[in-house]
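Residue numbers (our numbering), protein chains in the order written: chain A, -12 to 124; chain B, -12 to 124.
I should point out that these hints are in silico values taken from the structure, not numbers from a laboratory.
All residues carry an ideal CB built from backbone N, CA and C; glycine is no exception.
Warning: the hint list may mix true and false statements.
Said to hold, decoys possible - Once the Cα atoms are required to be at most 25 Å apart in a straight line, the calculated SDA-like pairs of lysine to any residue come out as:
id, chain 1, residue 1, chain 2, residue 2
1, A, Lys107, B, Lys72
2, A, Lys43, A, Pro23
3, B, Lys123, A, Lys43
Unchecked claim - Every beta carbon over 12 Å from chain A, so not counted as near; a handful from chain B, in silico:
id, residue
4, Met(-7)
5, Arg2
6, Asp5
7, Ala16
8, Glu17
9, Ser18
10, Gln35
11, Lys43
12, Gly75
13, Tyr93
There are 2 protein chains.
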Amino acid sequence: DLTPSMEDYLEMIIRLSDQQGYTRVNRIAESLNVKPASVSKMIQKLSQKSYLKYEKYGMVHLTAKGQQIGEYLLERHHILEELLKTIGARGDLQREVERIEHHISYDNFMILSDFLDFLKDNPEILRQFHQYKQNKK
Amino acid sequence: DLTPSMEDYLEMIIRLSDQQGYTRVNRIAESLNVKPASVSKMIQKLSQKSYLKYEKYGMVHLTAKGQQIGEYLLERHHILEELLKTIGARGDLQREVERIEHHISYDNFMILSDFLDFLKDNPEILRQFHQYKQNKK
Ligand SMILES: [Mn+2]
Ligand SMILES: [Mn+2]
Chain A
-12 DLTPSMEDYL
-2 EMIIRLSDQQ
8 GYTRVNRIAE
18 SLNVKPASVS
28 KMIQKLSQKS
38 YLKYEKYGMV
48 HLTAKGQQIG
58 EYLLERHHIL
68 EELLKTIGAR
78 GDLQREVERI
88 EHHISYDNFM
98 ILSDFLDFLK
108 DNPEILRQFH
118 QYKQNKK
Chain B
-12 DLTPSMEDYL
-2 EMIIRLSDQQ
8 GYTRVNRIAE
18 SLNVKPASVS
28 KMIQKLSQKS
38 YLKYEKYGMV
48 HLTAKGQQIG
58 EYLLERHHIL
68 EELLKTIGAR
78 GDLQREVERI
88 EHHISYDNFM
98 ILSDFLDFLK
108 DNPEILRQFH
118 QYKQNKK
């Protein structure tokens, strides 16, 4: 039930939250490069869906539910970026991952995550792939 | 310089084009589940960019440039879907690929394509991955 934009906010909020699990509207606005008014609007929506609590002085606290999904979204981003990097993808991977991450189902993400673990545990496969590409040229 | 929507149109037009390289506005509208008026609008834009020619009786002809990019877009779709399927992804892959394909750079697509060839040429790696997942459970 989360839109790509909501996912981006939750991912950023958890990035910005310290150990106590909170950040501020202004920091979110700066980090996502949007106006504080847009952040406030989205914060209201996410608060209605019980992902966070909006408190005085612009403080934003994730709920347990928000913390859980935020951690998943952040991990999904890191793992997709690392998987692409691992097989040799280059360029603005941060940006590419920002755009694809929302469209991968949970089940398929788990498979991609297992596949990354598999490649990390079997480094000879990447050496073999590198050799394969050389031979193709 | 192509938007995701333009890419979807070119991909569909080449799917629908027969050996003579043409299709019709109505068939495009049906296949993309949009109104003929929307198709006409997009056809105009793509014609201005020299990807196709719009002729009488609603006939749409790809130019050599349109044919070339259309073939790339179709191949990109097929390869991304096959790569996901190959490592075990399931569910509505058609839909997932529709949403991610536009955001992968040409260079990184080439790497993913090489990686798929590599996996197809080395089927023991997929067996090893399958075993790896079993052992994890
Ligand atoms: Mn992200
Ligand atoms: Mn497609």
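Each hint, compared with the structure:
1. Of the supplied pair hints, the one linking Lys107 (chain A) and Lys72 (chain B) holds, its CA atoms being roughly 21 Å apart against a limit of 25 Å.
2. The straight-line distance between the Cα atoms of Lys43 (chain A) and Pro23 (chain A) is roughly 15 Å, inside the 25 Å bound, and the hint therefore holds.
3. Taking the CA atoms of Lys123 (chain B) and Lys43 (chain A), the gap is about 46 Å. The hint is violated against a cut of 25 Å.
4. In this structure Met(-7) (chain B) is separated from chain A by more than 12 Å, as the shortest Cβ-Cβ distance comes to about 16 Å.
5. Once the 12 Å rule is applied to beta carbons, Arg2 (chain B) is consistent with being away from chain A; the minimum gap is 21 Å.
6. Interface exclusion of Asp5 (chain B) from chain A stands, the closest Cβ pair being 31 Å apart, more than 12 Å.
7. Residue placement check: Ala16 (chain B) keeps its beta carbon more than 12 Å from all beta carbons of chain A (closest about 25 Å).
8. Distance check on Glu17 (chain B): its Cβ is at least 25 Å (rounded) from any Cβ of chain A, clearing the 12 Å threshold; non-interface status holds.
9. At the 12 Å boundary, the C-beta of Ser18 (chain B) stays outside the reach of chain A, the nearest C-beta of that chain being 21 Å off.
10. At roughly 26 Å from the closest C-beta of chain A, the C-beta of Gln35 (chain B) stays outside 12 Å, upholding its exclusion from the interface.
11. Taking the minimum C-beta to C-beta distance to chain A, about 39 Å, the non-interface status of Lys43 (chain B) holds against the 12 Å cut.
12. Non-interface call for Gly75 (chain B) relative to chain A: violated, since the shortest CB-CB distance, roughly 5 Å, does not exceed 12 Å.
13. Non-interface status of Tyr93 (chain B) relative to chain A is broken: a Cβ of that chain comes within 12 Å, the nearest being about 10 Å off.
Checked against the numbered hints given earlier, the structure breaks hints 3, 12, 13 and satisfies all the rest.
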